[in-house]
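A.B. asks: Now for the letters of each chain:
There are 2 protein chains.
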Amino acid sequence: MSNVINESGILAISTRLQRLADSLRKDGQQIYKAHGIDFEPKWFPVIYTLHLKDTMSVMEIAAEIGYTHPSTISLLKELEKQKLIRSRKDRQDERKRLLTLSEKGQELVQQMLPVWKRMEKALTALTNTTNNLMAAIAEVEAQMEEKGFYERERGIR
Amino acid sequence: MSNVINESGILAISTRLQRLADSLRKDGQQIYKAHGIDFEPKWFPVIYTLHLKDTMSVMEIAAEIGYTHPSTISLLKELEKQKLIRSRKDRQDERKRLLTLSEKGQELVQQMLPVWKRMEKALTALTNTTNNLMAAIAEVEAQMEEKGFYERERGIR
DNA sequence: TGTATTTATGTAGTCAACTACGTAGTTTTA
DNA sequence: TAAAACTACGTAGTTGACTACATAAATACA
Chain A
294 MSNVINESGI LAISTRLQRL ADSLRKDGQQ IYKAHGIDFE PKWFPVIYTL HLKDTMSVME
354 IAAEIGYTHP STISLLKELE KQKLIRSRKD RQDERKRLLT LSEKGQELVQ QMLPVWKRME
414 KALTALTNTT NNLMAAIAEV EAQMEEKGFY ERERGIR
Chain B
294 MSNVINESGI LAISTRLQRL ADSLRKDGQQ IYKAHGIDFE PKWFPVIYTL HLKDTMSVME
354 IAAEIGYTHP STISLLKELE KQKLIRSRKD RQDERKRLLT LSEKGQELVQ QMLPVWKRME
414 KALTALTNTT NNLMAAIAEV EAQMEEKGFY ERERGIR
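Note that the protein sequences, when read in sequence, are chains A and B.
Adding 293 to a residue's 1-based position in the first sequence gives its number in my numbering.
Adding 293 to a residue's 1-based position in the second sequence gives its number in my numbering.
Worth flagging that the hints you see were computed from the coordinates, not collected in a lab.
Remember, it's a predicted structure, so these values are computed and weren't measured experimentally.
Some clues are possibly wrong.
Identical chains blur together in the list; that is why a pair holds if it fits in one copy or across any two.
[To be verified] Cross-link-like lysine-lysine pairs, in silico, DSSO-like; alpha carbons within 30 Å at most:
1. Lys440 x Lys319
2. Lys440 x Lys382
3. Lys410 x Lys382
4. Lys326 x Lys346
5. Lys326 x Lys440
6. Lys389 x Lys410
7. Lys414 x Lys440
8. Lys440 x Lys374
9. Lys440 x Lys370
10. Lys440 x Lys376
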């Protein structure tokens, strides 16, 4: 752990958030690997979405997972290459491309469900401290919704 | 805000951390701009370190800010181009390159000190909710130190 | 109806971190 | 004291997100 980042306190908060996110993502990667599952943590939002909703367009998925559409498109491209999802044109609206899980994708989800349960337990144990991280994130997101960092700084007397 | 990311709960925690980090960094950028200061939030750890320690080698800075040395080198290169820092070889050990703030760098720090104060206030207001985010991060970091996400998942019965 | 606007998708290039690997001094040791 | 090992620094290429721009289909409106 770094000295300056701790001592400079809250000013380095985005660096610390980033670092925490990175190491959780990397551990996630290792966990799938240890279970013999060929899956990247970054695929989770798309796969989980299609598991719940069955058929969605590119823009719908992007909105649902909260990514920009270019990022979403590149994820979808990767998942299609992995044969985890399939796409077809919408007959009603030919601008749209509709995505669904493939057979392989559905099987993979079934295989991952118990692993997701285990991950949830581990993450809960990890983050359920005096100040709960998930709750803290939700609270800060709500605060930002109300008034962002920029507006708040501008408002300091 | 995204539905799936919220509903899938803790499994998407790294995505949410990342997103929060990004938006704080972007707002930081805007704040410097609004104060007419030509400064990137990512430069903060290096500049703050050199402000405190005066003279350090590349590896010392990397260790201090907790980045890998290639990342640090590219930051230093940028800062040298901006003329905010200066470098010279170490006479004792010619492998080492010693960095210090330039005149311009020192002046910039003086200009930024009050802005950092304001940012601290705004960030404190933003994050000081029921579950304090800074405290939660520190607690989770400590938990990870003790036993990481990977080890915890492996240990689930 | 044909033109303007909006919407859905795609492409190119950027950014800030990383890992892997290479080179050149320094230190240790047989 | 020369070879081996280590340390400091640098470069190249990757990753996973982004913004800006382009295109094509659908819709609105004069």
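A.B. asks: Have a look at Lys326 and Lys346 and pick one of within, between, both or neither, based on CA distance no larger than 30 Å.
C.D. replies: Cα proximity of Lys326 and Lys346: one copy only (27 Å, versus 42 Å across).
A.B. asks: Is it within, between, both or neither when you check Lys410 against Lys382 at 30 Å Cα-Cα?
C.D. replies: neither (35 Å within a copy, 54 Å between copies)
A.B. asks: Is it within, between, both, or neither for Lys414 and Lys440, if the alpha carbons may be no more than 30 Å apart?
C.D. replies: For Lys414 and Lys440, only the inter-copy Cα distance (14 Å) is at most 30 Å; the intra-copy one is 33 Å.
A.B. asks: Is the C-alpha distance from Lys440 to Lys376 at most 30 Å within one copy, between copies, in both cases, or in neither?
C.D. replies: neither (43 Å within a copy, 35 Å between copies)
A.B. asks: Can you give me the call for Lys440 and Lys370, within, between, both or neither, at a CA distance of at most 30 Å?
C.D. replies: The answer is neither: 36 Å in one copy and 36 Å across copies each exceed 30 Å.
A.B. asks: Please work out whether the CA atoms of Lys326 and Lys440 approach to 30 Å or closer within one copy, between two copies, in both situations, or in neither?
C.D. replies: The answer is between: 19 Å across copies meets 30 Å, while 41 Å in one copy does not.
A.B. asks: Is it within, between, both, or neither for Lys440 and Lys319, if the alpha carbons may be no more than 30 Å apart?
C.D. replies: between (32 Å within a copy, 15 Å between copies)
A.B. asks: Between the shortest in-copy and the shortest cross-copy C-alpha distance, which are at most 30 Å for Lys440 and Lys374: within, between, both, or neither?
C.D. replies: neither (41 Å within a copy, 36 Å between copies)
A.B. asks: How would you label the pair Lys389, Lys410 (within, between, both, or neither) given a Cα cut-off of 30 Å?
C.D. replies: neither (34 Å within a copy, 49 Å between copies)
A.B. asks: As a check of your reading, is Lys440 near Lys382 (CA-CA no more than 30 Å) within one copy, between copies, both or neither?
C.D. replies: Classified as neither: same-chain Cα gap 41 Å, cross-chain 47 Å, threshold 30 Å.
Checked against the numbered hints above, the structure breaks hints 2, 3, 6, 8, 9 and 10 and satisfies the rest.
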